[in-house]
Amino acid sequence: MALSLVNFVVVIAAVLLIIGLMVVNAVIMVYAERKTAGFIQRRPGPYEVGPWGTVQAICDSMKLLGKQIFIPGNVDWILFFAAPVLAFFPVLLLFLPIPFGPYLTALKVDEGILLILAFAGFGVISNILAGWASNNKYGLLGAARAVSQSVAYEIPMIMALLGVIFLTGSMNLTQIVERQGAWPWQWNLAVQPLAFFIYVVSMVGETNRAPFDLPEAESELTAGFHTEYSGMGFALFFLSEYANMLLVCCVCATFFLGGWRGPFLDGFWWTFIKAYALMMFIVWIRWTFPRVRFDQLLNINWKWLLPLSILNLWITAVILKFVD
Amino acid sequence: MIKAIIDNIKGLYSLLVGLSITGRFFFSPQKTVHYPRQVVDPEILSSYRGPLELVPGEKDPAQSRCICCQMCVRACPGHCLTVTKEAGSKAPAAYLYDFTYCCLCAACVESCPTGAIRFSHKVYLVADSRQALHLDLLADLKVRASAAPASESAAAEQTGT
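Chains A and B supply the protein sequences, listed in that same order. Number 296 in the numbering used here belongs to position 296 of the first sequence; there are no gaps in the numbering. Numbering-wise, the numbering used here comes out as the position in the second sequence, counting from 1, plus 324.
Treat the hints with care, as some may be off.
Here's a subset of chain A near chain B, in silico, CB distances under 7 Å, partners left out [to be verified]:
hint : residue
1    : N25
2    : F39
3    : I40
4    : R42
5    : R43
6    : P44
These are computed hints drawn from the structure, not numbers from a lab. For glycine and all other residues, C-beta sits at the position ideal for the given N, C-alpha and C.
Kindly produce the complete structure, drawing on both the sequences and the hints.
The structure is reproduced here in structure tokens:
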């Protein structure tokens, strides 16, 4: 693909739009998450600030912007400041190959999913840097957990995606969407239900969300790898966490739920509807299930998800061989 | 091996049960009382243990039933009660109550031979200093007697021991 001047301008515009999307997504999701938590516990959630508490998330982000960035003693301050930046910037790149709509794709590359999976690894590096540089035992323990968890859950995630890639014969996200139909029984979900299940479980594990939020388990590690961060340092981690959630949901919508193909009228709205439905499902899971123990977490991955994903891949390959 | 697989499938079913419970709670009505605009139903508050108050006397609602026997002062584990006696009579000169140390254990209420003290139902008590929680119960009794003499004496008959 020739990177002409037009492509360059498109990518720059896309990056600016993605920054806006990240901020808006974080504000909306914080509000939606707190409201959902409230409703599930039969209380109203944010209520007093603005109509139905809608201004609460904006007030909270203003508070975060105004807070002092406190630097503890004996901190490796280059790494300490590099970690939140490293958590934030790869996410901008990760959204580029996602086909939000038929014409709303910033970077149409053949190996789109490879690009996403490769640069998603930066998130793990930022976690371990944050834990190591803040010279705090809770931070270090959280970072160690984050690394072993993310590395473990990446494998069944990729295996589940490989099933769809076998079916489509392409790693280009736009082609994967185009091979699926508009109606639910034409989506990849109908032919790869096991892969979808494995992907959803490892998606929750990969983004460190409850019930797999061991890197930031409050009861054991105060806040895990971002214990020593305040103000914008913490806000950058927070933004990238919600952006990563949106990213894995967009990938899931693209691979299994037909992306921008939908009943009646194709368009970017279907991608957003599907992605945000998945986000709300993750939030629902968070306020329902208790946190697993660390050995249980790794047992689920190594003893169940990995063999199941290999089985799924094998069955897919055999069926494809016989069908051809 | 097969048993483990069956157990795990049952476990997956239990996850669905959990999701259905929280999903049902999501749509069920909320129980929150938005305080400054609404207040809690007094019927619910009848079992609430607020700070102590003196029970009004049977004849004169402004007069306490206290006989200054000091049983409550001895029973109190937090030493938050101070009762002084009027010279030449059994009526208390001062009944001082330090709510900051009170653990609401009801040892004073149970030890009182005349049933002179009970728990109030004041949920909305707020103070901006420790000094404001050092309560003078005799003054409080006089205020209540002058505010609503009829209803207070009726309440005294109900709770009288």
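We went through each hint and held it up to the structure:
The beta carbon of A/N25 comes no nearer than 22 Å to any beta carbon in chain B, farther than 7 Å, and the hint placing it at the interface is violated. For A/F39, the interface hint holds, the least distance from its beta-carbon to any beta-carbon of chain B being 5 Å, beneath 7 Å. Among the interface hints, the one on A/I40 holds; its C-beta lies about 5 Å from the nearest C-beta in chain B, closer than the 7 Å criterion. Interface hint status for A/R42: upheld, as the beta-carbon distance to the closest one in chain B is roughly 5 Å, under 7 Å.
Against a cut-off of 7 Å between C-beta atoms, the interface hint on A/R43 holds, since the closest Cβ of chain B lies about 5 Å away. At its closest, the beta carbon of A/P44 sits 5 Å from a beta carbon of chain B; the interface hint therefore holds under the 7 Å criterion.
When each numbered hint is compared with the structure, a violation occurs for hint 1 only.
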